[in-house]
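Protein chains in written order, with numbering that gives the first Met the number 0: chain Y, 0 to 231; chain F, 0 to 110.
Think of the hints as simulated: they come from the structure by calculation, not from any bench.
Take the hints with a grain of salt, since some may be wrong.
As the list claims (entries may be wrong) - Facing chain Y, from chain F, some residues (calculated, C-beta under 8 Å): (1) L10; (2) L53; (3) V85; (4) T90.
Note that the structure is predicted; figures quoted are calculated from it, not measured.
Built from N, CA and C at the ideal position, the CB exists for glycine as well.
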Amino acid sequence: MQQKVKALKAAFPYTIPVMTGYLFLGAAYGILMSSKGYGLGWSVLMSVFVFAGSMQYVAVNLFTTAFNPVNAFFMTLMVNARHLFYGLSMLKRFKDTGRKKPYLVFGLTDETFSIVCSTDPPEGIDRGWFMFFVTLLNQIYWVAASAIGGMLGSMFSFSTKGIDFVMTALFVVIFVNQWQAQKNHVPALVGVGVSLICRLLFGAGRFIIPAMILIIAVFSLFRKQVERGTGE
Amino acid sequence: MTQNTQQLLVLVAVISLGTILTRALPFILFPKNKKIPGFINYLGDVIPYAAIGLLVVYCLKDVSVLAAPYGIPEAIAVACVVLLHVWKKSTLLSIGAGTVVYMLLVQFVFA
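One chain only, chain Y, in its complex shape (with noise of 0.2 Å):
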């Protein structure tokens, strides 16, 4: 017990960065998923079983266009395909965690990823139990988050027209963010030409799945010009 509060308390402070952000994003989901029409409940609930920022502003449009759990599953594969790669590199810290570590893999998003990647617990604070909370810490904030957009977006009636531009912010934000942080800029640009051609040539409802293929299509064939760009 003793180890599990020092090991809280130790977790904590390296939280508050991702507190502040989840609380104005987990709140301006809650609000977006109420102008929707989906509800406090709605966005816990998906809070809570997916915990994944952007894959749940994504599926806010999945919910209110034709059911298509076919079209969901691998949209889902492809706006967490990064996941994969926290995961690969986290193959090593998550070794020993036992049974902490199914939760551990669960809630592994990109914010709480950059927290348990980059940080090595306090002298004496067990490497797991403090993974585990900074793990848990984040998950509550975001469902607080949720619960609390969900309850404004019911309580006030503003007009939240535009609101769904705080999705796109995000990803442009993120976009900056790894193009400044990395000089090859070739795969970025395969993104977002790739995508673009796909959405001019299948049109807005269905050109998803097509720029996903032909994205891994374009990096298998042209793996060393691709990386040529990466050598620096």
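With chain Y fixed as given, assemble chain F onto it according to the hints.
Chain F only, in chain Y's frame:
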């Protein structure tokens, strides 16, 4: 709401499973630090960048440059987000201000 409760619950389950799958797959495929093939590592390096580019296009998929307001509100708001972010590097400020600018544009200027 265009879908019934059962359909929505199916969607929540599918999205939850898909998310769990992307997070758990590496641990299933490489149980004991089994060597990760170079090609997978390479895809791991490049796909995250392309995926975000795809998501930006996905968010803007319904914008038409041929009909009023010709994507002007989106262009202005995206420019605000990029400039603010390059300048201040504050995720919350960039997203918050960009969204408010967009909401004002579509509710008052291009209404």
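Hints, one by one, checked against the model:
1. L10: This hint holds: F:L10 lies near chain Y, its Cβ roughly 5 Å from the closest one there, short of 8 Å.
2. L53: Since chain Y brings a Cβ to about 5 Å from F:L53, closer than 8 Å, the hint holds.
3. V85: With Cβ-Cβ at 7 Å, under 8 Å, it holds.
4. T90: 5 Å, holds
The structure is consistent with each of the numbered hints, conforming to all of them.
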